[in-house]
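Engineer: Using the sequences and the hints, build the whole thing.
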Amino acid sequence: EPEVTQTPSHQVTQMGQEVILRCVPISNHLYFYWYRQILGQKVEFLVSFYNNEISEKSEIFDDQFSVERPDGSNFTLKIRSTKLEDSAMYFCASLRIAEAFFGQGTRLTVV
Amino acid sequence: QQQVKQSPQSLIVQKGGISIINCAYENTAFDYFPWYQQFPGKGPALLIAIRPDVSEKKEGRFTISFNKSAKQFSLHIMDSQPGDSATYFCAASSDFGNEKLTFGTGTRLTIIP
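First to last, the sequence lines map onto chains W and S. Note that the working numbering has the first sequence beginning at 1, numbered continuously upward. Note that the working numbering has the second sequence beginning at 1001, numbered continuously upward.
Since the hints were derived computationally from the structure, they do not count as laboratory data. Given the structure is predicted, the values throughout are model-derived calculations rather than measurements.
Cut-off 25 Å, straight-line C-alpha distance, at most; resulting in silico cross-link-like pairs (PhoX-like, lysine-lysine): (1) S:Lys1005 to S:Lys1042; (2) W:Lys83 to W:Lys57; (3) S:Lys1068 to S:Lys1058; (4) S:Lys1005 to S:Lys1058; (5) W:Lys57 to S:Lys1042; (6) W:Lys57 to S:Lys1005; (7) S:Lys1071 to S:Lys1005; (8) S:Lys1042 to W:Lys78; (9) W:Lys42 to S:Lys1042; (10) W:Lys42 to S:Lys1068; (11) S:Lys1042 to W:Lys83; (12) W:Lys42 to S:Lys1005; (13) S:Lys1015 to S:Lys1042; (14) W:Lys57 to W:Lys42; (15) S:Lys1058 to S:Lys1015; (16) S:Lys1071 to S:Lys1058; (17) W:Lys42 to W:Lys83; (18) S:Lys1068 to S:Lys1057; (19) S:Lys1015 to S:Lys1057; (20) W:Lys42 to S:Lys1071; (21) S:Lys1068 to S:Lys1005; (22) W:Lys42 to W:Lys78; (23) S:Lys1005 to S:Lys1057; (24) S:Lys1057 to S:Lys1071.
Structural biologist: Here you go:
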């Protein structure tokens, strides 16, 4: 069964450093999302991406965040200057006819 | 208005019992209500979903009950098994699921022998 793949599974970074989280969505899906989940809390929407542009973003998705689909298959989330409060699980999801498929997540730890 | 409220926060049920998790929403634009199951260290996985044109949907041991006038929906897990122990999230979306998901706060379910 096709699946959404995320790398790395765990990333530790120093505060102020840039990180790039990578996702390979399911190939025939058209809508892509990033969500985050702070430990023990609910899953929160960050951004949606369709037709090579952002279609919606939350108030969490400030100027420190950006998304790209650099080569037509990968979907990346970049955090320019990480803060301690960016520590969370980041999930990529892709959508086919209302069903969102989530990746396994990247655990980002900012120290 | 975008929130989805979920209860209880945690639930312990004996094996073979019925697990019930409740959610409520405010935004009347929501028209798609999925439940996600999440095991530790894994991403959420779609369990079952309902649209507001029906009041109940059943898939195996899992049933969603939906009350449109009360803006509430619930997940019932019949004959609960230890393998059902996980965190369950309700969610809501509009455009029949083609918009972003708004998640509830999650319920940690533990099934004891």
